[in-house]
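Protein sequences appear in the order of chains A and B. Going by our numbering, the first sequence opens with residue 2, and the numbers climb by one from there. Going by our numbering, the second sequence opens with residue 56, and the numbers climb by one from there.
Everything labelled a hint here was simulated from the structure, so no lab data went into it. Careful: at least some of the hints might be erroneous.
[Unchecked claim] Capping the alpha-carbon separation at 30 Å, the derived lysine-lysine pairs in DSBU-like fashion look like this:
{"id": "1", "chain 1": "B", "residue 1": "253", "chain 2": "A", "residue 2": "81"}
{"id": "2", "chain 1": "A", "residue 1": "200", "chain 2": "A", "residue 2": "173"}
{"id": "3", "chain 1": "A", "residue 1": "81", "chain 2": "A", "residue 2": "159"}
{"id": "4", "chain 1": "A", "residue 1": "159", "chain 2": "B", "residue 2": "253"}
{"id": "5", "chain 1": "A", "residue 1": "173", "chain 2": "A", "residue 2": "159"}
{"id": "6", "chain 1": "A", "residue 1": "159", "chain 2": "A", "residue 2": "200"}
[Unchecked claim] Derived Cβ-Cβ restraints for the label pairs, each shown as a range:
{"id": "7", "chain 1": "A", "residue 1": "229", "chain 2": "B", "residue 2": "151", "range": "50 to 58 Å"}
{"id": "8", "chain 1": "A", "residue 1": "111", "chain 2": "B", "residue 2": "194", "range": "51 to 59 Å"}
{"id": "9", "chain 1": "B", "residue 1": "185", "chain 2": "A", "residue 2": "70", "range": "27 to 35 Å"}
{"id": "10", "chain 1": "B", "residue 1": "170", "chain 2": "A", "residue 2": "17", "range": "45 to 53 Å"}
{"id": "11", "chain 1": "A", "residue 1": "111", "chain 2": "B", "residue 2": "157", "range": "53 to 61 Å"}
{"id": "12", "chain 1": "B", "residue 1": "162", "chain 2": "A", "residue 2": "125", "range": "40 to 48 Å"}
Beta carbons: idealized from backbone N, C-alpha and C, even for Gly.
Residues per chain, in single letters:
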Amino acid sequence: MSEPILSARDIVAGYVRGLPIVHGVSVDVAPGEIVTIVGPNGAGKSTLLKAIAGLVVFESGTVTFAGRDVSGHPAHEMVKSGVGFVPQTGNIFTNLSIQENLIVGAHTVSRADLRLRLQRAYEHFPVLAERRASAGRVLSGGQRQMLAVARALMTDPKAIMLDEPTAGLSPKVVADVFADLRRLTELNVAVLMVEQNAKAAIRISNRAYVLTEGRNYIAGTPDELLNDPAIAEAFLGGRRAAKASGAA
Amino acid sequence: MIGQAIADGILTGAIIALGAIGISLSLQILRFANFGHGDILTLGAYSALTFTAVATAGVPIGPVSFGWQFLVAILIAAIVAGSAAILIDAIVYNRLRSRNAHRLTMIFASFGVALVLRNLVLLIWGPDVHYYSRELQIAVEILPNVRVMPDQIVVLGLTFAVVIFFYLVLRLTRIGMAMRAMAESPTLAGICGVEIRKMIRIAWFIAGALAAMAGTFLGLTVQLRPEMGFNLLLAVFAAAILGGSGSLFGAVIGGLLVGLAENLSVLVVPAGYKTAMPFLLLMLVLYIRPYGLFGTPERH
Numbered sequence: 002m003s004e005p006i007l008s009a010r011d012i013v014a015g016y017v018r019g020l021p022i023v024h025g026v027s028v029d030v031a032p033g034e035i036v037t038i039v040g041p042n043g044a045g046k047s048t049l050l051k052a053i054a055g056l057v058v059f060e061s062g063t064v065t066f067a068g069r070d071v072s073g074h075p076a077h078e079m080v081k082s083g084v085g086f087v088p089q090t091g092n093i094f095t096n097l098s099i100q101e102n103l104i105v106g107a108h109t110v111s112r113a114d115l116r117l118r119l120q121r122a123y124e125h126f127p128v129l130a131e132r133r134a135s136a137g138r139v140l141s142g143g144q145r146q147m148l149a150v151a152r153a154l155m156t157d158p159k160a161i162m163l164d165e166p167t168a169g170l171s172p173k174v175v176a177d178v179f180a181d182l183r184r185l186t187e188l189n190v191a192v193l194m195v196e197q198n199a200k201a202a203i204r205i206s207n208r209a210y211v212l213t214e215g216r217n218y219i220a221g222t223p224d225e226l227l228n229d230p231a232i233a234e235a236f237l238g239g240r241r242a243a244k245a246s247g248a249a
Numbered sequence: 056m057i058g059q060a061i062a063d064g065i066l067t068g069a070i071i072a073l074g075a076i077g078i079s080l081s082l083q084i085l086r087f088a089n090f091g092h093g094d095i096l097t098l099g100a101y102s103a104l105t106f107t108a109v110a111t112a113g114v115p116i117g118p119v120s121f122g123w124q125f126l127v128a129i130l131i132a133a134i135v136a137g138s139a140a141i142l143i144d145a146i147v148y149n150r151l152r153s154r155n156a157h158r159l160t161m162i163f164a165s166f167g168v169a170l171v172l173r174n175l176v177l178l179i180w181g182p183d184v185h186y187y188s189r190e191l192q193i194a195v196e197i198l199p200n201v202r203v204m205p206d207q208i209v210v211l212g213l214t215f216a217v218v219i220f221f222y223l224v225l226r227l228t229r230i231g232m233a234m235r236a237m238a239e240s241p242t243l244a245g246i247c248g249v250e251i252r253k254m255i256r257i258a259w260f261i262a263g264a265l266a267a268m269a270g271t272f273l274g275l276t277v278q279l280r281p282e283m284g285f286n287l288l289l290a291v292f293a294a295a296i297l298g299g300s301g302s303l304f305g306a307v308i309g310g311l312l313v314g315l316a317e318n319l320s321v322l323v324v325p326a327g328y329k330t331a332m333p334f335l336l337l338m339l340v341l342y343i344r345p346y347g348l349f350g351t352p353e354r355h
């Protein structure tokens, strides 16, 4: 792994001060790398992303981005620093048109750059260009996810965090979303995501972290994690192992 | 008779609509029912009075009762009331918000703000009735048996100009889009880089400025009294809820309907029941559409 651009160290965070959900988690992401965080429900995966994004109570730890300390910065400052975030639910404005969603996504972008960014977004996601005047609420699940990613990319982030980007999507659309994320890494964007769809996500990742009960459990490359039967059994659905033992 | 009632209803309704836009904004962006809004309206009206007391309302232009000085007075009133709204937010509501106060706490605080403002107006300007201008106006017959004052026509024109301007700002400017985005989801707006506190200040300024305009228009077409805003408040709330809280278009239509309901009702029921009519209408509408005429059901 090259020098990380986004680095979180010993993060303690939660929704209520004094009642943390994340107890000292550390993660790193380097430019052009996809890093996935997996783990059982309640492991604090989403809370960790929200803590970095400046959306929950940040109790202690440090977040550095491109060499700058951005620990506990509010959401609108994180965006300005260059960290984009796509939440799991409510990640588009349903009452705004697609174009308006993208313009609000580019709130920190200068007027001169806005036109170019819109043009680029429509080139990347032609489906959005066709429906630019439609309200967000009429989009399908996959299109919403596409718009949410396109919206987060409007600021030209150097790192993007996604909270379960494939939740509730059909397998075909899941593959499209993952392909879009891979394309981002070609632009040297650092991608940090949380996924329930753990195996598929780890396969397209450079590295993955497993969290349990708000703590780092193990980290490794896709090969290391997918080929470890204990990890597969405990955290990755373990279907293959279960099937094998069932057949025997 | 009906024609006159409709004309009066539209004129009253336009003023109520201006107030309802502010209520609608605070419901959507600030997320509480602001009972201090009526007294911001009064403060605006009296700020204009201070200006006209010094500079006069000006030499009447044509048939209206005021000159260009009064237009400056409206502008000053809008700035004073808008700034006062921001100041009140900094002193009262922002403190409550930062302590995660319950919505009801905010509502009760706004009652307190209302009382303070009303008494402040009473203290500074006294309990007497005031007028911007003592010029006599002759009503003009715009349709057979429908007479309106020239001032009322100007007020109606100005109201619609302001509403259209505000609509265009919300639709076409980046600030307007950010405000609409924040109304839907403050969290997501923050993730997009929208600074929530700045947007809240802008929302307060707009609500205060529009209330001041409603106040000066009410003062111009009726009179100025310290309780003028408070007395209008329930009709303003009825309009905002009727239209569907959070919908600009709804607030305007709600305002007009409330104005019409009040004025048309006197044709069939004693005038004493006039102020109850908007609420009867409100109950009827909410029975059929609980989220108002132009509102959308709230999702949880």
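Each hint tested on the structure:
Of the supplied pair hints, the one linking residue 253 of chain B and residue 81 of chain A holds, its CA atoms being roughly 15 Å apart against a limit of 30 Å. For the given pair, residue 200 of chain A sits about 16 Å from residue 173 of chain A by alpha-carbon distance, which is consistent with the 30 Å threshold. Pair hint residue 81 of chain A plus residue 159 of chain A holds up; C-alpha atoms about 11 Å apart against a cutoff of 30 Å. Under the criterion of a C-alpha separation no larger than 30 Å, the hint pairing residue 159 of chain A with residue 253 of chain B is consistent with the structure, at around 26 Å.
This hinted pair checks out: residue 173 of chain A and residue 159 of chain A have alpha carbons roughly 27 Å apart, not beyond 30 Å. About 26 Å separates the Cα atoms of residue 159 of chain A and residue 200 of chain A, which keeps this hinted pair within 30 Å; it holds. Taking 50 to 58 Å as the suggested C-beta distance range, the pair residue 229 of chain A and residue 151 of chain B conforms, at roughly 52 Å. The hinted range of 51 to 59 Å is satisfied by residue 111 of chain A and residue 194 of chain B, whose Cβ atoms lie roughly 53 Å apart.
Distance hint for residue 185 of chain B and residue 70 of chain A: a CB-CB separation of about 58 Å, inconsistent with the stated range 27 to 35 Å. For the pair residue 170 of chain B and residue 17 of chain A, the supplied restraint of 45 to 53 Å is violated, since their beta-carbon distance comes to about 34 Å. About 40 Å separates the C-beta atoms of residue 111 of chain A and residue 157 of chain B, a value inconsistent with the hinted range of 53 to 61 Å. Judged by the Cβ atoms, the range 40 to 48 Å given for residue 162 of chain B and residue 125 of chain A holds: they are separated by roughly 46 Å.
Comparing the model with each numbered hint stated earlier shows that hints 9, 10, 11 do not hold.
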